[in-house]
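For the record, the sequence lines run as chains A and B.
In terms of the working numbering, the first sequence has 281 at position 113, counting the first letter as 1, and numbering is strictly consecutive.
In terms of the working numbering, the second sequence has 177 at position 131, counting the first letter as 1, and numbering is strictly consecutive.
Hints in this document: simulated from the structure, not taken from any laboratory.
It is possible that some hints are incorrect.
To be verified - To give a feel for the contact side, a few chain B residues facing chain A, derived at Cβ under 7 angstroms:
| id | residue |
| --- | --- |
| 1 | 60 |
| 2 | 63 |
| 3 | 92 |
| 4 | 94 |
| 5 | 143 |
| 6 | 146 |
Positions of the beta carbon are idealized from the N, C-alpha and C atoms, including for glycine.
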Amino acid sequence: MATTTATLTLSSTDLLSDSLSVSATQTLYKAGTTTGLDGIQYERLEVPTGDVYDIVDATAAGANKANKIYIANKNTTETNYVDVYVAALNIGRLYAGDWMFIPLEAAAATQDVGVEAIGAAQHIEFALIHEGKTLVAS
Amino acid sequence: MATTTATITLASSDIADNSLSISNTMTMTTAGTTTGITETTGLARKKIASATEVDLITRDNIDVTASKSAKVYIKNTGTATDKYALIGIGQATGTPIYLGRLYGGDWMVFPWLAAQTGGAGHANNEDITIKMDDATETIIEYMVFFE
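Chain B extracted, bound-state conformation (with noise of 0.2 angstroms):
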């Protein structure tokens, strides 16, 4: 069993008239179970450089569980605060739900479902996808921690 955490702080001092201060650390754990969660794709770094979406992470090929608990973790490396990488949930070639848009240097940690409902492939397979604004070249990190 491992021990893995994620800690986010979220802080502003002006946002409103008090200051924000969030803080929260999660241990990433197997589902419904306090054993830590044993798997993981390692930090990748995929090079875009182009505006076609395609599929960031398949579930196929990393051979993730379906409805468990998976996290998913994303980063736009760029710099440029006018440039996004648009972050997706379903098929490249279909019609993906759009999450949100990641501007240069902007992170993401969502739950992933990562469901299956039709076989390797299938059209309705939740595949992260991304799409980028322009063809600028970017470089994406990400990472899947899974069962």
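With the rest of the complex left out, here is chain A (with noise of 0.2 angstroms):
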């Protein structure tokens, strides 16, 4: 069992009237249980323009978990943006130096996880961490 967590930090002081800070740690667990995750893809790649790339293909073995995703835009340019997909619906824009963190799914094999840049090719970096996948005999 591992034990691996995630800390966020929401902060401002002139977005609101008061300083906004916000701060939140989760510990990462398998579905229903106190049992650390302990599978890990963590990758840095180059997306082209002109099509959506699937990152993350839902498998069997990752379907209805708490599997958790984590993506950042690298991108410097603040005009270009990356599209995210869940299950072919674009669900937002990570313009250059975004980050998203969100569980995932992933009930059906349909339900993958792609990205499209738009503006130019751009690298992002993904970590998944999850309680399995479904490996593919070569």
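Build the complex: two chains, separate frames, hints provided.
Right, here's the structure in full:
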């Protein structure tokens, strides 16, 4: 069993009349347990323009679990962004420097995670912390 | 212009032979600019004591502009690690796309396209939905940053 934590700090001194300071920490457990997630896939890659490319294939072993995915757009040009797709739905844009962290339901084999670079090819980093994936025989 | 930052730290000393340590800070800006986001819902709390799927955040109610750089923070403040909130995008009365499960103590941050395809309340609008796995009373916190 591994112990992995994800800590968030949201802060601003001038978005509201008073300072904003929100902190949250979670330990990444397997679904419904207090046993730590023990699988990881951590990559950096360049995403070309022109199409949606899957970065995570949903598999039966990972369906309906407590998997987590972190994606960061490492580009530095503010007009460039990466569209993020879950199950073929464009959920939002990661502009240069943005990141996201969500649980991944992956309920069916069609519920992959995809990205499309808009404006230019862009480097992203992603980490999938999971409790299992179905391997494909060679 | 406001300056709002979100920092994530992912850390583990034993998920692999070498330690995992990812730290990243984003400054929330309006789409395609370096100008800080200036609108937010503020930090909201909603008590849910039903397993019926509902809209947690309705795009039309907060007047978020579609296809920009909105960001959403959601946290399940519960402590039960065997109870979860299933978060989706779409319409609670339709067939939302499920992102994933927030078990007790879990949080998430993600960009939100907030697409509106058929006017206010249309079945294809991208609200943020929530479905608890049972009727145990749970408080969900959320905050949207948008333009």
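Hint check results:
no. : hint : result
1   : 60   : 5 angstroms, holds
2   : 63   : 11 angstroms, violated
3   : 92   : 16 angstroms, violated
4   : 94   : 17 angstroms, violated
5   : 143  : 4 angstroms, holds
6   : 146  : 3 angstroms, holds
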